[in-house]
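Note that the protein sequences, when read in sequence, are chains S and A. Residue 44 in our numbering sits at position 44 of the first sequence, and the numbers go up by one each step. To get our numbering, take the position in the second sequence, counting from 1, and add 80.
FYI, nobody ran anything at the bench for these hints, they're computed from the structure. Quantities reported herein were computed from a predicted structural model and do not represent experimental measurements. Wrong hints could be hidden among the right ones.
[Said to hold, decoys possible] List of simulated lysine to any residue pairs, SDA-like, C-alpha gap at most 25 Å:
id, chain 1, residue 1, chain 2, residue 2
1, S, 47, A, 411
2, A, 505, S, 64
3, A, 396, S, 64
4, A, 506, S, 41
5, A, 396, S, 13
6, A, 361, S, 11
7, A, 227, S, 62
8, A, 227, A, 263
9, A, 505, S, 77
10, A, 396, S, 11
11, A, 238, A, 170
12, A, 505, S, 63
13, S, 47, A, 324
14, A, 361, S, 63
15, S, 47, S, 21
16, A, 505, S, 76
17, A, 505, S, 38
18, S, 47, A, 535
19, A, 227, S, 41
20, A, 341, A, 324
21, A, 502, S, 3
22, A, 505, S, 41
23, A, 505, S, 39
24, A, 393, S, 26
25, A, 267, A, 393
26, A, 502, S, 39
27, A, 505, S, 61
28, S, 47, A, 390
29, A, 393, A, 406
30, A, 384, S, 26
31, A, 383, S, 30
32, S, 47, A, 539
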Amino acid sequence: MNRSVSLNTLPEGSRARVTSLLSTGSMRRRLQDIGLIEGTNVQCLQKSPSGDPIAYLIRGAVIALRSEDSRNILVEGNYN
Amino acid sequence: MGLTAGSTGANAIDSGLVIKKEQENDRVIALAGNPNVGKSTVFNELTGLNQHTGNWPGKTVTNAQGSYQYHGNGYILVDLPGTYSLTAHSTEEEVARDFICFGGADAAVIVCDATCLERNLNLVLQTIEITSRAVVCVNLLDEAERKNIRVDFQQLEKNLGVPVIGASARSRRGLEELQEKIEEVCKSKEPPKAILPRYTRPIEEALELLTPYLEQRLAEEKIPFHPRWVALRLLDNEPGLMATLQENLSFSLADDLELQKLLEQARQCLAEADIPEDRLKDILVSCIILHAEYVSSDSVYYKKTDYNATDRKIDKILTSRWTGIPVMLLLLAVIFWLTITGANYPSQLLSSGFAWLEGKLTEFFIWANAPGWLHGALVLGVYRVLTWVISVMLPPMAIFFPLFTLLEDLGYLPRVAFNLDKHFKKSNACGKQALTMCMGFGCNAAGITGCRIIDSPRERLIAIITNNFVPCNGRFAPPQLLKQNSKTAPLQFDDLPSLP
Chain S
1 MNRSVSLNTL PEGSRARVTS LLSTGSMRRR LQDIGLIEGT NVQCLQKSPS
51 GDPIAYLIRG AVIALRSEDS RNILVEGNYN
Chain A
81 MGLTAGSTGA NAIDSGLVIK KEQENDRVIA LAGNPNVGKS TVFNELTGLN
131 QHTGNWPGKT VTNAQGSYQY HGNGYILVDL PGTYSLTAHS TEEEVARDFI
181 CFGGADAAVI VCDATCLERN LNLVLQTIEI TSRAVVCVNL LDEAERKNIR
231 VDFQQLEKNL GVPVIGASAR SRRGLEELQE KIEEVCKSKE PPKAILPRYT
281 RPIEEALELL TPYLEQRLAE EKIPFHPRWV ALRLLDNEPG LMATLQENLS
331 FSLADDLELQ KLLEQARQCL AEADIPEDRL KDILVSCIIL HAEYVSSDSV
381 YYKKTDYNAT DRKIDKILTS RWTGIPVMLL LLAVIFWLTI TGANYPSQLL
431 SSGFAWLEGK LTEFFIWANA PGWLHGALVL GVYRVLTWVI SVMLPPMAIF
481 FPLFTLLEDL GYLPRVAFNL DKHFKKSNAC GKQALTMCMG FGCNAAGITG
531 CRIIDSPRER LIAIITNNFV PCNGRFAPPQ LLKQNSKTAP LQFDDLPSLP
């Protein structure tokens, strides 16, 4: 049983599944609208040269998230 | 986008949302879609030059309306701002939602990106919940073909219950069909039978309590809203929308005791199923997202599982730790070099051409026996300065802007924002400011209008104010001018004719 970790700790290339969203308000709604709901599969694609933001593959779209936002997304099942 | 005479000055006074119909029986079509799906291309291809832009009343969001004729009927297209959802957490979303819900359009067209259909379906499903007189236009088919993605339009139409057409607006494919479907949807007596997303059982039960009564009430008052949609919004209870909804109803929601009683029962039903109000919002969104996933997986086929492989490899070069920033600096350097040196030859050509013309003008003035001061004012003054500005500034701009647009079309600019965001964040600005600053190199005014891509108001303000510190093409001119005028002597003061 994998523990939940923050999305921003996922290494490049790995995949995981969303377990919960800790963000609130419009950011929460924004993330849900682009498809980040519980159970969604996410893949970490590419870190920016400075380490932040990080590009993820979410339901077929490449979306860049800043660490301040992705640290509030909990995922599990860090696998390749 | 752009400031037209009609959208500034006295014409910018809020006059409410006015749809300028050319004839009474013109049909109004709302054009919605995610950002960057080619909505504006569809809009431009259908309306041509018959359009005008301005602002939505009271908001700094661009509004564009255009018209076209089809089979003798007039249609007004209203280009809504690009949004991912109708949940109104930004002004753009609020504008789009308010127009679709309350704008009184005859039909809605939702433009989607064929290469990213699942994400686009979120907006489609939210829209058809409001109005089933909708047409889905799956655009960017040429992109999809390049990536070997196939969309089964019939299946999609079956799953959504509204007409679906495929298009590649850039090459004018599918637009005829789109106009045909729009006409069908507007003309038909019965709206298409849209297949709406279903929610979890407790929510459906709560809706069951409200919809029959609402159906009856809305029919009595002849209000064309879907009872199911009104019921959902009552349960969702978002204050802004509630206020606007109430404005558009001829009866008071709060005073309708029967309704309030049913609403209380519905909320009770949800509470028993352990669904407090914030959890309700989560479930409502999740159900739509999952329904979008189902619809998309049933109608989109990928011939290669790794269809984005080339894009990802390119991204590795453009945004990776070691090559990201160097490539960016190199590209920008190349653009500037091309702009500055490439502009030299045309500048000189223009400059000598205008000088020759000035000679001819002077001859004409002499032949016409014009007074010296007139020649001085018009030729040495107006004409000469105008031609200097044109010959110095036009060539660089004619090179810079197309190159910049090329970068934009290649999709490189978001990578720039991605690379630089962290650095900009240190100054509390946004990575997207890098793009507006690049535009500012061409023209500060263009850079500032471009700042609308920045969401946060504070970051946007910072981008607008600091854009001024980026030297625009006009400010490249003085060094150019000094170098240039070894050939054409600048205005000497003894050239000026003495006053009579």
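Worksheet item: Can you give the numbers of the hints that this structure goes against, from lowest to highest?
Response: 4, 6, 8, 9, 11, 13, 16, 17, 21, 22, 23, 24, 25, 26, 30 and 31
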